[in-house]
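**Student:** Protein chains in written order, with numbering that gives the first Met the number 0: chain X, 0 to 133; chain Y, 0 to 133; chain W, 0 to 133; chain F, 0 to 133.
Treat the hints as calculated values from the structure; they're not laboratory data.
Worth double-checking, as some hints may not be accurate.
Because identical chains cannot be distinguished in the list, a pair is counted as satisfied if it fits within a single copy or across any two copies.
What the hints assert, rightly or not - Taking lysine-lysine and the DSBU-like style, the derived pairs with C-alpha atoms no more than 35 Å apart in a straight line are:
# : residue 1 : residue 2
1 : Lys82     : Lys31
2 : Lys100    : Lys127
3 : Lys130    : Lys31
4 : Lys31     : Lys100
5 : Lys39     : Lys100
6 : Lys127    : Lys4
7 : Lys130    : Lys82
It should be emphasised that the depicted structure is a prediction, and the values quoted were computed from it without experimental measurement.
Number of protein chains: 4
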Amino acid sequence: METEKLKAYFRNDRFANLAGIEIIEVAEGYCKAKLEIEDKHLNSANVVQGGAIFTLADLAFGVASNSRGQLALAVNVNISFMKGKSEGTLFATATELTDPKRIGAYDVLVTDENSEVIARFNGLVYRKNEKHSF
Amino acid sequence: METEKLKAYFRNDRFANLAGIEIIEVAEGYCKAKLEIEDKHLNSANVVQGGAIFTLADLAFGVASNSRGQLALAVNVNISFMKGKSEGTLFATATELTDPKRIGAYDVLVTDENSEVIARFNGLVYRKNEKHSF
Amino acid sequence: METEKLKAYFRNDRFANLAGIEIIEVAEGYCKAKLEIEDKHLNSANVVQGGAIFTLADLAFGVASNSRGQLALAVNVNISFMKGKSEGTLFATATELTDPKRIGAYDVLVTDENSEVIARFNGLVYRKNEKHSF
Amino acid sequence: METEKLKAYFRNDRFANLAGIEIIEVAEGYCKAKLEIEDKHLNSANVVQGGAIFTLADLAFGVASNSRGQLALAVNVNISFMKGKSEGTLFATATELTDPKRIGAYDVLVTDENSEVIARFNGLVYRKNEKHSF
Chain X
0 METEKLKAYF RNDRFANLAG IEIIEVAEGY CKAKLEIEDK HLNSANVVQG GAIFTLADLA
60 FGVASNSRGQ LALAVNVNIS FMKGKSEGTL FATATELTDP KRIGAYDVLV TDENSEVIAR
120 FNGLVYRKNE KHSF
Chain Y
0 METEKLKAYF RNDRFANLAG IEIIEVAEGY CKAKLEIEDK HLNSANVVQG GAIFTLADLA
60 FGVASNSRGQ LALAVNVNIS FMKGKSEGTL FATATELTDP KRIGAYDVLV TDENSEVIAR
120 FNGLVYRKNE KHSF
Chain W
0 METEKLKAYF RNDRFANLAG IEIIEVAEGY CKAKLEIEDK HLNSANVVQG GAIFTLADLA
60 FGVASNSRGQ LALAVNVNIS FMKGKSEGTL FATATELTDP KRIGAYDVLV TDENSEVIAR
120 FNGLVYRKNE KHSF
Chain F
0 METEKLKAYF RNDRFANLAG IEIIEVAEGY CKAKLEIEDK HLNSANVVQG GAIFTLADLA
60 FGVASNSRGQ LALAVNVNIS FMKGKSEGTL FATATELTDP KRIGAYDVLV TDENSEVIAR
120 FNGLVYRKNE KHSF
């Protein structure tokens, strides 16, 4: 894995860019990303929309699960929303539960600047034989 | 329930607006929303990002679960991604599984213009005693 | 698919037998199973244990997802418990969401003798190339 | 919380008893349980049935989430099956993700005697105002 190439590849995620998400740390099977809450992330109840939280966690999940160079496709995600949040910073930290196999499991915890849990995100990927060109 | 007030309330969802999502049909316990796929919705693999699909389904879920005027908070969502999609239109159709109670269950199916299933989204809400002012 | 061979194969599920679960209907991508509630299914709060409900739904899911003769392994299940139940009969009805592919999605609804929803079960399988010998 | 009373209460879980599950450790927000694999736990493919694994994890989840004396009802569980297993011992270790609130989140990891991950179980409870009498 070459971390810089991996980051460059994911910098081309246009929806994550639209949401203002930034990758801040990458390692094998690991990624930390962040989102500074702005008005554009809020829903009608003036808290961060579930989709913005999902997108943040999903980017960290995508980076972590593709970090060894083998193409991984998200097949399932379960997300629980623990706490609403209207301002500040959100962090998503993705870790690998098991050794990479055909089906891989990742846990992503979304926390705020006070380390309070905002959401729990549990993802599964299906790995293809294809390798990334990066 | 007054459908126009409900739609007006959700038109203030800034993240759904950022993603270009439109509510097209509302009834009690029901909502249909749509997203015309543009470049901004794509991820690094050039298919619609999971977060964009989630946001579309989440808006339909939010409208359907708040459609009777009682405040409903999303507590859990499980989403399975069945098929990648790079262009065209996505629709999310949210239906109510059970009579509204403290804990309510909603199913949202995300399909494309050919009625192919793109994602399955199963959501749970926790209802508060508070009523919406709309 | 030969329905009788499929049923015979699943009649060898020893844990489903221990729980007293019976397959009552099978078709391609479909299964209905039942459980007559007895004292042995109850938990400490005297309602049917989540594991008994899961086992009932899982058997219907297994039969439906293997009904075309290709080996399918459960990779993920999301289950929501809608209502407690202490006596009577539970039915699990499994249906296929999408055409069978590498990753297949099934919905199982657990209802009681009054057609009230007891639980919602959403499962995913990973299909192997292997065929069942039945 | 009185650990002995909590354990005695859960020893009356008849379905967990039928499955041969044993509570081996309890603390506030924590439980470890085990299951010695026997023929009765196997499915038609001769691996431990998903329902047996679920029941094991569910008992640990129930004990951990009720360990502070406030009645907690399981509302949602997401379970991913990582590896099949035909003999040996399964352990389920339940931990609390967040401070106990109306909606509580618990993670349960099911491992074998070699600490290999067999399943990941993520549960949500809804807490009632009622207290347990134990």
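**Student:** Decide, hint by hint, whether the structure agrees.
**Tutor:** We went through each hint and held it up to the structure:
1. Lys82 to Lys31: both (20 Å within a copy, 27 Å between copies)
2. Lys100 to Lys127: Result: close both inside a copy and across copies, 10 Å intra and 14 Å inter.
3. Lys130 to Lys31: within (23 Å within a copy, 38 Å between copies)
4. Lys31 to Lys100: Result: close both inside a copy and across copies, 22 Å intra and 27 Å inter.
5. Lys39 to Lys100: Classified as between: cross-chain Cα gap 29 Å, same-chain 38 Å, threshold 35 Å.
6. Lys127 to Lys4: both (20 Å within a copy, 33 Å between copies)
7. Lys130 to Lys82: This pair counts as between: shortest inter-copy Cα distance 20 Å, intra-copy 38 Å.
Every hint from the earlier list agrees with this structure, and none is contradicted.
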